[in-house]
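Chemist: Counting from 1 along the sequence shown, just add 51 to a position and that's the residue number in the working numbering.
Keep in mind that a hint or two might mislead.
What the hints assert, rightly or not - Straight-line alpha carbon distances no greater than 27 Å define the calculated DSSO-like cross-link-like pairs of lysine-lysine that follow: (1) Lys324 to Lys123; (2) Lys215 to Lys306; (3) Lys347 to Lys298; (4) Lys214 to Lys298; (5) Lys214 to Lys348; (6) Lys257 to Lys215; (7) Lys186 to Lys172; (8) Lys306 to Lys123; (9) Lys207 to Lys239; (10) Lys238 to Lys298; (11) Lys238 to Lys207; (12) Lys298 to Lys272; (13) Lys214 to Lys238.
In case anyone wonders, no lab produced these hints; they're calculated from the structure.
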Amino acid sequence: MSNFSMYKNTAAGVAKLRFIESCSKSPVIEDPYSHHFVLGTSIIRLLGHYLNKAICDRLSPGLFDGIIARTKIIDETVLDAVNEGATQYVILGAGYDTRGHRLDLPSNVKVFEVDQPDIQKFKVGTLSKVDVPNKTNVNYVSVNFNTQSLETELLKAEGFDPKKKTVVTLEGVSYYIPRESVANTIKKIAPIVGSGSTFFLSYADKNCVDNPNLVCSSDNKRGVRSIKRLMWAVRRIGEPWINFFQKDELPSFFKSNGFTLASDVSLHDLHAKYFCNGREISSENLLFWERFAIAKK
Numbered sequence: 052m053s054n055f056s057m058y059k060n061t062a063a064g065v066a067k068l069r070f071i072e073s074c075s076k077s078p079v080i081e082d083p084y085s086h087h088f089v090l091g092t093s094i095i096r097l098l099g100h101y102l103n104k105a106i107c108d109r110l111s112p113g114l115f116d117g118i119i120a121r122t123k124i125i126d127e128t129v130l131d132a133v134n135e136g137a138t139q140y141v142i143l144g145a146g147y148d149t150r151g152h153r154l155d156l157p158s159n160v161k162v163f164e165v166d167q168p169d170i171q172k173f174k175v176g177t178l179s180k181v182d183v184p185n186k187t188n189v190n191y192v193s194v195n196f197n198t199q200s201l202e203t204e205l206l207k208a209e210g211f212d213p214k215k216k217t218v219v220t221l222e223g224v225s226y227y228i229p230r231e232s233v234a235n236t237i238k239k240i241a242p243i244v245g246s247g248s249t250f251f252l253s254y255a256d257k258n259c260v261d262n263p264n265l266v267c268s269s270d271n272k273r274g275v276r277s278i279k280r281l282m283w284a285v286r287r288i289g290e291p292w293i294n295f296f297q298k299d300e301l302p303s304f305f306k307s308n309g310f311t312l313a314s315d316v317s318l319h320d321l322h323a324k325y326f327c328n329g330r331e332i333s334s335e336n337l338l339f340w341e342r343f344a345i346a347k348k
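Given these sequences and hints, build the entire structure.
Modeler: Here is the structure:
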């Protein structure tokens, strides 16, 4: 079974990075609701974006920029899919993501957040005290992945239509669950979304294990150590990375599960596009351990 809530500790950490980026005077992404899921917001605001990012870069060069780039490309993917006619957005393992509220989605787009009951209880309780937009269009689909099936619970969700063009995102989860679970999830989604639907998958490059030098720039002298430290850190908090993909595996992987790969990029391809006008990433901090795949049905 796919247990998307395995990453709940790191989800809080990612929310913190989104909050730090939102403190920038020229943010690459903005998440005005992330601070509701972050501890120590007063200190973060006091230090400001520059010092907070400097601390992150010191501890793990390139990690911060990678997470922000991932957020940005998903935002773009969702909005592009909506512009192409998608009227449903399914967030698998939604965690503390607030895309259903912070993106300017049309009123005809329904959002379905799928996650474990305990995660959703905390999130719903937190956001119930906050004035966020688009509340009526965000639907929570609680799934106990040990006893319930993803497709059954989605089909039971009020307003979900398996014939409609849909955008589905699985962000920052695939490396915490077995490959078979990732494949099973995509395969179960394919029959219950309409033609032209989009599936976004972020995944860890297998070179993180096989050849870490290939997932950081040659100028990033601490890159290999950063990768190893990151994998050590998530293992220490009980959320180890257990699943990796090689880039050349993705076309056949998606094809066998009902989708066709459209693009597969990393921060190496995106940094010049997203980080400019004074926000350029130094080659000494460039790390691209995670890849971002977009597939179409």
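Chemist: If a hint holds in the structure, say so; if it doesn't, say that too.
Modeler: Status of each hint after checking the structure:
Straight-line distance between C-alpha atoms of Lys324 and Lys123 comes to about 11 Å, which keeps the hinted pair within the 27 Å bound. Of the supplied pair hints, the one linking Lys215 and Lys306 holds, its CA atoms being roughly 21 Å apart against a limit of 27 Å. Taking the CA atoms of Lys347 and Lys298, the gap is about 17 Å. The hint holds against a cut of 27 Å. The suggested pairing of Lys214 with Lys298 is violated, with an alpha-carbon distance near 31 Å, which exceeds 27 Å.
Of the supplied pair hints, the one linking Lys214 and Lys348 holds, its CA atoms being roughly 12 Å apart against a limit of 27 Å. For the hint pairing Lys257 with Lys215, the CA-to-CA distance comes to about 34 Å; that exceeds 27 Å, so the pair is violated. At most 27 Å may separate the alpha-carbon atoms for a hinted pair to count; Lys186 and Lys172 meet this at roughly 15 Å. Pair hint Lys306 plus Lys123 holds up; C-alpha atoms about 26 Å apart against a cutoff of 27 Å.
Taking the CA atoms of Lys207 and Lys239, the gap is near 15 Å; set against the 27 Å cutoff, the hint holds. A distance of roughly 19 Å separates the Cα atoms of Lys238 and Lys298; the hinted pair therefore holds under the 27 Å criterion. Only pairs whose Cα atoms come within 27 Å are accepted, and Lys238 paired with Lys207 is accepted, the gap being roughly 18 Å. For the given pair, Lys298 sits about 24 Å from Lys272 by alpha-carbon distance, which is consistent with the 27 Å threshold.
For the proposed pair Lys214 and Lys238, the alpha carbon gap of about 16 Å is at most 27 Å, so the pair holds.
In summary, the structure is inconsistent with hints 4, 6 from the numbered list given earlier, while agreeing with the others.
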